[in-house]
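Two independent chains are provided; combine them into the complex using the hints.
Here is how the chains run, residue by residue.
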Amino acid sequence: MALLQLSEPGQSAAPHEHRLAVGIDLGTTNSLVATVRSGMSVVLSDELGRSLLPSVVRYAAAGPVEVGYSAEAHQASDPKNTLVSVKRFMGRGLLDIAHSESLPYDFIETEGMIKLKTAQGVKSPVEVSADILRALKERAEAALGGALTGAVITVPAYFDDAQRQATKDAARLAGLSVLRLLNEPTAAAIAYGLDNAAEGIYAVYDLGGGTFDISILKLSKGVFQVLSTGGDSALGGDDFDHRVFCWVIEQAQLSPVSLGDARLLQMRAREAKEYLTQHGEAPITAKLSTGEFVDLKLTTEIFAEISRTLVQKTLGPTKKALRDAGLAPEDIKGVVMVGGATRMPQIQHAVEAFFGKEPLNNLDPDKVVALGAATQANLLAGNRAAGDDWLLLDVIPLSLGIETMGGLVEKIIPRNSTIPVARAQEFTTFKDGQTALALQVVQGERELVSDCRSLARFELRGIPPMVAGAARIRVTFQVDADGLLSVSAREQTSGHEAHIEVKPSYGLSDDEITSMLKDGYTHASDDAFRRALREAQVEAQRLVEAVQSALKDDAHLLSMLERAHIDSCLTKLQSVLIGDDRRAIDAAMDALSKGTAEFAARRMNQGVRRALAGKKVDEVNL
Amino acid sequence: MTGFDHETLRQDFFSLFGLPRQQGLDVDRLEALYRDIQAKVHPDKHAHLADSDKRLAMQWATHVNEAYQTLKDPLQRARYLLQLGGHDARLETNTAMPMEFLVEQMELREAVAEAKAVGDADPLDVLHRRLKKDIRAEYAALQQALDANAFERAGELVRQLMFQEKLIREVDDALEVIER
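Going down the list, the protein sequences come from chains Z and R.
Going letter by letter, the first sequence gives residues 17 to 638 in the numbering used here.
Going letter by letter, the second sequence gives residues 734 to 913 in the numbering used here.
For reference, chain R alone in the conformation it holds in the complex (with noise of 0.2 Å):
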């Protein structure tokens, strides 16, 4: 496990990368590092070496996947950013969000029940459109709350997209059992 604890290894997914610590991120260059890491450390590039090659590169590869999930994705990506900085401990247990977008969840809520139940894919295509576009729009306002360090305001965006991007699977998935 030596080399497993090197420092490469303990620094943070961004510094990782190379790229800056920020929630604003270009996905493609992201990926193309990822790619190159990857074209290195993955395990069929050391498969013909010792056991314990074998096992390092299974270290790295299962490391540089995890790193590239989580920025990759802009609310994961968030999410690390809080806990970096120390600001995360609450996400799971704080619901509080504001009565404002608690009532307008509640009766998307209710029009997704209404369309599983009527079996119709239309009106939740409609709805995914719409929450599509919401969520859009709370991920500009995320990234200008982290931009300002603001992560009191970040943490309650985050729980906000988290409620979103769950209904919008539910959504989804719903979906996939009318279209089979």
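So that you can see chain Z by itself, here it is in the shape it has in the complex (with noise of 0.2 Å):
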């Protein structure tokens, strides 16, 4: 394939150009933010040296917001205001969350999304966890010395579209541009194969605080292909020590304990778990608000009997994507250990049992996701060097289906459908003159509505009123790159756009995230009116680069008098680009996007005849 050597766009910035993009590792437990330096993926570190950020947010009654050690520190003395693992909330509502009744924060009893009541008003999980994002980007920046162009933000690949939705929305509120979502053990797989030139086939198997995901890859000349990826988005290490609390409780015979003793007793048995990985027992030890002691020994043994339960409850989702992918546990390379919860013994043991080989535990399971991520980022933000050609295809881990007559789920996507991917599926009218139209989305493999998770309604209107059955309603599914879904419609005798609303089941609708923007705006010293403008502006000038360069490679492809049109957009944009006047900006971005549209189009086309005769001049060769 050297036969031909094409330049993509965005390869042609200068090395001054370097834009400033992270990869951020959004953990249930800890959080991890990561660049590209010097062509080397890098962990970013706080004043201190510390490269872990503890997902851990307190809203005190008095003081500013605390992410991270501090807010840590405060979890046995302040419980109800201090949260963690807010991850295992996002996109999910109360009946979802396990043990909830051992939690010691106030629930609000809502519709959608769970939210919790604290001293700084109600938060839903998606402005908690914009919290911590906010605190990572200001790590990155301040390190990097510069605004950032963009993050890649990982989400474990067994997340729903909600889920993934609410964690895009808690970027958007901590003022961060998404450049992709990205499935974890797909980001580790990036790290991994491209630290050891791997080829072949390769599981990765990511046990992190709160969420297990298993990915079958396909790693050949420079394309990681998912090829199947399964898992449980409530399991993980928290689980694990939940199941030691409950033994320590039961052992010492305590009797129900206070919220602050609970947060003791857990933070104890987290300790014991993680002793454990080195030792062959543990020391308990703590002092209850009671007076009453707890002073017992947890062995290696008795930790893995407790948690035998847990450790298998991985392998049913293993066999499933093994199976998606049609292969045996003897056909994979290696197995890639991904998060901390993959240091504990019984699980290397049973991973090994189960793929008969040894994992592969020679990246640190705590970074090599957002190490992935930073590789990712830099690459999405145009910062491309040569040999950085690699591409990634990953998949939609759950099936997604319309709710049809009598409560039975129509699949119109099936999981582990390569990514993007569009069904479009066509409807009729039920009565006469009928406008509108309600579609229920769900998500999940079962065949009853009741047994899938409902994501959202979609309501269609406009539509032009017919005898019923005349209208034929076209409506598309298109899910993006981020693993996200939107629907479109059409109806196809009059060829108008029916209008769409959308209700999310589980998510924040755009005014509540709009509202929440205006409130971060109005609280925080940052001016609403200089920050857009410095968005703007930072917008438009990727734009004139994107533009110069395609300029660059691709001029012949344009008439004189196309070229002519494009260059007076581009001149019309730099020259507003400088002033403050948003509002021409925008426009002259999109005069400018409108004019070099068919422009995209040809040099499209371009690349995919020049993939197809580079083959064909390569097999000539042979």
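No lab work stands behind these hints: they were computed from the structure.
Idealized CB from N, CA, C, for every residue including glycine.
All the pointers check out, no bait thrown in.
If you want a taste of the chain Z side facing chain R, the calculated C-beta under 8 Å gives, among others:
hint, residue
1, Arg-196
2, Ala-397
3, Leu-409
4, Pro-436
5, Ala-438
6, Gln-494
7, Asp-496
8, Leu-559
9, Ala-616
10, Gly-623
DSS-like mimics (lysine-lysine), calculated; alpha carbons at most 27 Å apart, straight line:
hint, chain 1, residue 1, chain 2, residue 2
11, R, Lys-865, R, Lys-805
12, Z, Lys-303, Z, Lys-96
13, Z, Lys-329, Z, Lys-313
14, Z, Lys-234, R, Lys-787
15, R, Lys-805, Z, Lys-237
16, Z, Lys-234, Z, Lys-373
17, R, Lys-849, Z, Lys-329
18, Z, Lys-610, Z, Lys-588
19, R, Lys-805, Z, Lys-234
20, Z, Lys-427, R, Lys-805
21, Z, Lys-336, R, Lys-865
22, Z, Lys-96, Z, Lys-131
23, Z, Lys-427, R, Lys-849
24, Z, Lys-519, Z, Lys-131
25, Z, Lys-184, Z, Lys-131
26, Z, Lys-335, R, Lys-849
27, Z, Lys-335, R, Lys-865
28, R, Lys-865, Z, Lys-349
29, Z, Lys-237, R, Lys-787
30, Z, Lys-96, Z, Lys-133
31, Z, Lys-427, Z, Lys-184
Take a look at the structure:
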């Protein structure tokens, strides 16, 4: 394939135009931010040199919002206002949460996503996550000395649409431009694959604080192709802590404990779990507020016994992912271990026994996801160097379906379809003159709507009135490269575009996000106007560079007249770019985008033709 | 949307990859071509560009994914060939199948139900292997029929294969439940 050397759009970015991009691992227990510096992916530390940021946020009655270690220190003393493992609540309702009764928070009974009452008001998990992301953004901007162009944020591969959307909303609230939502095991595979020049079929076993993912990937000639993925978005290290906690309560014969004591014992349980990765037994001691003493010893054997079913629970999805990929355990060349919870010896043993080979532990299981995400962010931001032409092909983890008559699900996009993917379906009206239609979209593998997760209700309005059954409404379900669903509809006979109203089942509406953004601006010292202007300027500059680079490579695709039009749009944007009229910038950007649409289309066609041509030339050479 | 109506996208899936329009297909070659095209059009390659470019990239990548998925799978590929030849209309509604085939399928179905009820993996494994063998033979016959432009016969084989593929999926699902 070395016959035709094609330059990629954006490859020509000069070194001084290096765009600041980061990868963020927004974890259940800990979060990290990483970037690519001098061609190397590195994790950015705080001023004390600590790379992890505990995913803990405290909303105390007095004082600012605390994030990380300082918040974590108040877990036992201020449990109601100190929120931990909030990732488990993203895109989830109260009924979805296991052991919610043993959690110290004041949940608010609402429809849809959980909300928590704190001393600083009601918080949605999205806002809490946004506070964690904001802390990481500040860390990165301080370390890199400038505003970020964008971020890749990782999510568990098994996250459904609501959980992904919640993560993207959190980033938006934190003022981060999301280049891509990247699946955690895929991020790890990138880091592992690029480091080791790996080729072949690999499994990534990712057991984090609150989520479990298994992904099967084919690594071949710079392409990372996810063949299948599976998991459990409510299974992780936290659950092992909980087993130890329950064991402590039982062994010490404690009567119901206070919220603070429960939190204290949970921390001790976690410490014991971590201690057992290096030692044969762990002491668990605590002095409770009642004056009672806990003094126990947890051995590796007891721990393995009380957590046996949890370990087993990871093997079900693993088998399913292999079956979906049409593979057997012996087809797997290596198993990459990711997530702090994979340090537990019983996990290592179970994985080794299942795959019949020693798992790969040569990467730091806490950092590998952030490092892979940083590599991807660097690429997506357009900082492309020679040799950086790898490609990632990921899949949708759960089938998408719609509700049909009798509460049954009709699958529209099957799980493990490579994204982006779309499927169009035709619907018709039921009554004469009917102008609206409602669609219930669900995600899951079961046949009954009640056994799947409701994602959203889409209401199509503005269908031209016709007799029953005459309208032909073509609804297109599109899943983008972030794994997020969007729906569009068109009445075929009239060509009328139907208006769609989305009612997310477990998400925030656009209005809610907008009002949260507004609140953020009024509270923060950051001037909303200046900030929006700065963002528009950065965006416009990026567009100018992109068009210039495209013109440099492919001006031959344009007639003189077309070229002149693009040049004039470009000049116009460059002239308003330096001013402070945001509307003028937006208008000029819009004009340039429209003016280059046809150019972009021709370049894309050219790219495809060259890809095929390169192949044919290649073959002649064989 | 201008760019998406381009000639490259209006052509059939075989032409998109520059492959001959026939059932026999080198899947490795298709995969290599698919990867090469995705390397050009995938949204990740256009993430730093204007929104219009990103949208175009998503449409292209979606289209290429659909083309690849359709051609990769022999049953979908055959259905697509029938569709291109204007012979697919009755696939969903026409359920006429040779009596011999139906009787055999009925027996298989009963055997699957029985093994499921007992919850025993071994007979299901045996059924899986037998079905796999039958299916392989049907695909060979299907390719012959399509090569000979015997669309009527090809349509019949496609209908039978749809039936058999569904049954083998049921066997696999049952195995999954047992092994869980």
